[in-house]
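Quick mapping for you: the protein sequence lines, in order, are chains A and B. Each residue of the first sequence is one higher than the last, beginning at 1 in our numbering. Each residue of the second sequence is one higher than the last, beginning at 1001 in our numbering.
Some hints here could point you the wrong way.
Heads up, simulated EDC-like pairs for lysine to aspartate or glutamate below, C-alpha to C-alpha not over 20 Å straight-line [unchecked claim]:
hint: 1; chain 1: B; residue 1: LYS1070; chain 2: B; residue 2: ASP1038
hint: 2; chain 1: A; residue 1: LYS100; chain 2: B; residue 2: ASP1062
hint: 3; chain 1: A; residue 1: LYS58; chain 2: B; residue 2: ASP1100
hint: 4; chain 1: B; residue 1: LYS1014; chain 2: B; residue 2: GLU1079
hint: 5; chain 1: A; residue 1: LYS100; chain 2: B; residue 2: ASP1100
Hints are computed from structural coordinates only; laboratory data are not their basis.
In case you want the letters, here they are:
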Amino acid sequence: QQQVKQSPQSLIVQKGGISIINCAYENTAFDYFPWYQQFPGKGPALLIAIRPDVSEKKEGRFTISFNKSAKQFSLHIMDSQPGDSATYFCAARAGTGFQKLVFGTGTRLLVSP
Amino acid sequence: NAGVTQTPKFRVLKTGQSMTLLCAQDMNHEYMYWYRQDPGMGLRLIHYSVGEGTTAKGEVPDGYNVSRLKKQNFLLGLESAAPSQTSVYFCASSYREGADTQYFGPGTRLTVL
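With the rest of the complex left out, here is chain A (with noise of 0.2 Å):
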């Protein structure tokens, strides 16, 4: 069962646009929410991540966005770069002390010259 919905599964952005990614998740104890970022050939690492207690947040050209009557949750990367070409996923987690992240299915960004 997929609990974190996560589209476009592609996305192709001229240098300079705003790229955007969605996710919808099902679970109502969820309070945490992270975006990850993987370049080729490595292993996901921590972009920017939210809490439910704010609507946005916002690190430098990334900017998520929380909608929590929607259940939803997007990433906006303005001024979009080639360098952040990558795949990014989002990710969900409920509650405190050790509980397990909820990985969406991913989007393969790439920010055109």
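Chain A is fixed; fit chain B onto it per the hints.
Frame of chain A, contents of chain B only:
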């Protein structure tokens, strides 16, 4: 500080052969994880460990065994490899408190013929 390392990087097995993947971390993390990554399916948790000497099943544990005899090492074993186990395997680790950020290794690409 090497972070999370995995050996080997690549491996080709024949159906029925066995092998062990080794994960090591030098960050004194309590929690360790094994994931597999398949196209269109994201990262799926195979097994995890919340401390030395403990292991638990994740989402897709069948056909795999694990051991955590030392805090810094987490081994993933395939006793009788099957073509369905062709995948990229990632190890990750995280701190005990909060366990918000998982640090991933570079991955092992396994092909089972």
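Hints, one by one, checked against the model:
| no. | hint | verdict |
| --- | --- | --- |
| 1 | B:LYS1070 to B:ASP1038 | violated (29 Å) |
| 2 | A:LYS100 to B:ASP1062 | holds (18 Å) |
| 3 | A:LYS58 to B:ASP1100 | holds (18 Å) |
| 4 | B:LYS1014 to B:GLU1079 | holds (12 Å) |
| 5 | A:LYS100 to B:ASP1100 | holds (10 Å) |
Hint 1 alone, counting from the list given before, is not met by this structure.
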